[in-house]
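Enquirer: If you want the building blocks of each chain, they are given just below.
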Amino acid sequence: GAVVSQHPSRVICKSGTSVKIECRSLDFQATTMFWYRQFPKQSLMLMATSNEGSKATYEQGVEKDKFLINHASLTLSTLTVASAHPEDSSFYICSARTGGRGEQYFGPGTRLTVT
Amino acid sequence: QKEVEQDPGPLSVPEGAIVSLNCTYSNSAFQYFMWYRQYSRKGPELLMYTYSSGNKEDGRFTAQVDKSSKYISLFIRDSQPSDSATYLCAMSAEGYALNFGKGTSLLVTP
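Line by line, the protein sequences are chains A and B. For the first sequence, my numbering begins at 7 and goes up steadily by one. For the second sequence, my numbering begins at 2 and goes up steadily by one.
One or more hints might be untrue.
What the hints assert, rightly or not - Taking lysine-lysine and the BS3-like style, the derived pairs with C-alpha atoms no more than 27 Å apart in a straight line are:
id : chain 1 : residue 1 : chain 2 : residue 2
1  : B       : K57       : A       : K72
2  : A       : K26       : A       : K70
3  : A       : K61       : A       : K72
4  : A       : K72       : B       : K71
5  : B       : K43       : A       : K26
6  : A       : K20       : A       : K47
7  : B       : K43       : A       : K47
8  : A       : K70       : B       : K3
9  : B       : K71       : B       : K57
10 : B       : K43       : A       : K70
11 : A       : K26       : A       : K47
12 : B       : K43       : B       : K57
13 : B       : K43       : B       : K103
14 : A       : K47       : B       : K71
15 : B       : K68       : B       : K57
16 : B       : K71       : B       : K103
17 : A       : K20       : B       : K43
18 : A       : K47       : B       : K103
19 : A       : K70       : A       : K47
20 : B       : K103      : A       : K70
Just so you know, these hints were derived from the structure itself, not from any lab.
With the hints as extra help, turn the sequences into a complete structure.
Expert: Take a look at the structure:
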């Protein structure tokens, strides 16, 4: 099956610093990538959708100036959490899709802890 | 009403049992249906993908989609302790983002 990687898998940072998370599709070209966050024992919450070479589309309530998304190529998308605060601590997961058929493959997730 | 409804469980079954997981939905435009398995602190893993109505089988897993009833199911035969996880149903219309159920927590006891 298709493989999506994320890096880093875990990051601990101090409040006020910025954190970058990378998401890569390893064996397919992802026309669309998605970023989710997940709190303990809750389902996935879609943050934004990005298409290669275009600006990301953010879900209602997600601050675009805080969660900066770049989809520079068909295999790489990055999420930068700007000036992170403790309330940004969460599990961030990316996924990738080819075309509009619906099959989405998820990365292993990045656990962010802001102290 | 949420677009996708899924009983969160928890569901506990003995090893070897047949497990039935279900979701209902309200948007008739959905035509892509997926089941994901998520272990604690891991990303979701795609188990089954179905386009439109019908059945699909893969090993111990069978996915069913009934678009007329807006109802999808995942059956797990000969369940194993390693199947213990949260199972998420997900669905979408052409070109749109996935809509997820809340997930059903499954525990298979030896």
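Enquirer: Under the criterion that the straight-line Cα-Cα distance not exceed 27 Å, is the pair K43/B, K70/A satisfied?
Expert: This hinted pair holds, its Cα atoms lying about 25 Å apart.
Enquirer: Given the hinted pair K47/A and K71/B, is their Cα-Cα distance within 27 Å?
Expert: holds (26 Å)
Enquirer: Between K71/B and K57/B, does the CA-CA distance stay at or below 27 Å?
Expert: Since the Cα atoms of K71/B and K57/B sit roughly 17 Å apart, the hinted pair holds (cutoff 27 Å).
Enquirer: Can you confirm whether the C-alpha distance between K72/A and K71/B stays at or below 27 Å?
Expert: violated (38 Å)
Enquirer: Is it true that the CA of K20/A sits at most 27 Å from the CA of K43/B?
Expert: holds (24 Å)
Enquirer: Is the straight-line distance between the alpha-carbon of K43/B and that of K26/A 27 Å or less?
Expert: Roughly 19 Å between the alpha carbons, so the hint for K43/B and K26/A holds.
Enquirer: Going straight from one Cα to the other, do K68/B and K57/B come out at no more than 27 Å?
Expert: holds (14 Å)
Enquirer: Could you grab the alpha-carbon distance between K61/A and K72/A and see if it respects the 27 Å cut-off?
Expert: Holds: K61/A and K72/A sit about 15 Å apart, inside 27 Å.
Enquirer: Is the straight-line distance between the alpha-carbon of K26/A and that of K70/A 27 Å or less?
Expert: holds (14 Å)
Enquirer: Starting from K57/B, check that the Cα of K72/A is at most 27 Å away, please.
Expert: Violated, at about 42 Å.
Enquirer: Checking one constraint from the list: CA of K26/A to CA of K47/A, max 27 Å. Satisfied?
Expert: holds (25 Å)
Enquirer: Can the restraint linking K71/B and K103/B be considered satisfied, given a maximum Cα separation of 27 Å?
Expert: holds (17 Å)
Of the numbered hints stated above, those contradicted by the structure are hints 1, 4, listed in ascending order.
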